Amino acid sequence: MNDLAPDRKYTNAAIPVGGVDPHPDKPSGEFITDVVSNDWVNDEYKLLVVRAAERALTAYAGQFYHLLCPSPDGAEVWMRRPMSIYKVDKAATCLEFLYKCEGRGTQGMATLAAGDKFNVAGPLGVGFSLDPAWKNIVVLGRGVGLATLAPLSQLAAENGVGVTAILSARKSNLVMSEDLFDELGATSITVVDEDGSSAVENVEKILEKLIADGKADAFFTCGSSRLLKLMQNLGKKYDVPGQVAMEQIMVCGIGACYVCMRTFEVNGEKTLKRVCREGPVFNMQEAVGW
Amino acid sequence: MVDLSVKIGDLTFQNPIQPASGAFSWEYNDVIDLNRLGALVAKTICREPRLGNPTPRMAETEAGIIQSIGLPGKGIDYFLENIVPEYAKFEPPLVVSVSSESAEDFAELARELSVPDVDVIECNISCPTRNTTGGNFAMQEDHTKMVMEGIRAATDKPVWAKLSPNAGDLVAVALAAEEAGADALVIANTFLSLKIRTDNFRPALGNKFGGMVSPALKPIVLRMVYQVAKEVNIPVIGVGGVTKAEDVVEYMLAGAHAVGIGYAGFRNPSALTTIIDDLETWCDERGIEKVTDLIGAVKDDDMEMDPLVAASHGV
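Chains A and B, in that order, give the protein sequences. Using my numbering, you'd call the opening residue of the first sequence number 1 and step up by one each time. Using my numbering, you'd call the opening residue of the second sequence number 1001 and step up by one each time.
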């Protein structure tokens, strides 16, 4: 008879690990996952590993999950936080998220410990696609944007596509996922602010060399507006197609609320698209930057 | 097992749970079974294609979110050709929400929307962020009466008036809508709000003002539903802060025939169907045979007063 019991504050019919899935055929769902680990990978980034129900493991590179983050400070975190998938480990039935502890959502995520429950909705959105004609691709990521590009590199490796990964960061100890890219057989090139190697002019030289060497059938980027601009310019100049993963504040994550709009230029006309539904991965040449 | 069905006008809904307009689209079918909902409620449509308001369109606050979407859409022709058929794939009645800045165009839109696959026309006469000058007829009773009379004359479909919690005298506006021929009232739209960032001194939303969406609105909107339901003879649909089955019960006790849900579906995409399940369980556990028995069943006519307080009131 206690209407104010805290467990009745919200309904929650999310599907737990081992639970009955009422909609096995639906592309997305709301899942209660079990936290396996949540460890620091460097001074700013953590890696969250959660065990999830089978249907939650259908994500592919570039798709995202909408995360119901716990509060870092006792006040409510009202909305979910969208986060691209870092890794799907089907053998271990786990999802992995690599994140920078920055805002309230990710600071709340950082408090999760092994054994905790974590509600995730997904997989959502349109991810990366690989044209069978592409033999070699270049991924260029800045900061946490590399977390989004890592599963793409895995997908490429699985399809026999060669990957050159240009990893950009402020400092060398913040370069993300170098080991993972190396493991996948990608050629990784690290550029950082502290020695000036991450300057746009230098990255431009690297990209032009890759194009000349026939290593750039397509461009992929995430995490930096100026690197997006660079790849757009070179893509136009040398006729290299590309895709970009975009971010935006979201509410529903499903396409209903029209909160997560960004501007795109399609056939010379500016238009708004939903990052959650039409994206988060878009044709690079249509993106306007931020 | 409890009978969850409710009648609003001549239409029967299999349960009193509906999405709130603006907070829902057929894309939710990716996650839940839309055929379980009481109704499908499309996003508000306008005559012309609209991009909507500048971003950011949402900001979190201490007690909920404020949002300013600006009724984006591809216009009524696209809506009739492409969106209505998406909803027609599902069984629940389709409520289409419509907005305009002029009463004449509002009526004409209602006429054009009166197609077989549309079951109800919800008149969004209360969008708080549409713009600062027009479209928000529900702020005043005479404007409400004028626009609703025009719509009533233009269509035989059931018309629901979505009212504004920002109006000074909501009961007067509700009576005006009823007098003009509305078949039901949707109470309420979002609360006009503002957030200013202290890091850069700028409004947090691209449109400056936003509408507040939050469980914190429930006691306020519940009070509005209670006050209006006591005065009108048409059904009321309560919209504001429903996050669980008990909230539905509360709204029905206050006099609502049904509820609209927005925020809870944002937070938990499976919330709407869960609330239907929970409402059924709640009723069954209490031996309630028809959910309609709850409508207006609040026990407030025999409230006992402390004798000392009663004496001071001269009772």
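Worth flagging that the hints you see were computed from the coordinates, not collected in a lab. The model shown is predicted, which means the values in this text are computed figures rather than measured ones. Where is the CB? At the ideal position from N, CA and C, for every residue including glycine. Incorrect hints may have been included.
Here are the in silico distance ranges between beta carbons for each label pair [to be verified]:
id: 1; chain 1: A; residue 1: Asp73; chain 2: B; residue 2: Met1139; range: 35 to 41 Å
id: 2; chain 1: B; residue 1: Asp1142; chain 2: A; residue 2: Pro24; range: 31 to 37 Å
id: 3; chain 1: B; residue 1: Ala1172; chain 2: A; residue 2: Glu265; range: 44 to 50 Å
For each hint, the structure was consulted:
Separation of Asp73 (chain A) from Met1139 (chain B) is about 37 Å and conforms to the stated range, judged on CB atoms against 35 to 41 Å. A C-beta distance of roughly 55 Å is found between Asp1142 (chain B) and Pro24 (chain A), which places it outside the suggested range of 31 to 37 Å. Here the CB-CB span from Ala1172 (chain B) to Glu265 (chain A) is close to 49 Å, well matched to the stated 44 to 50 Å.
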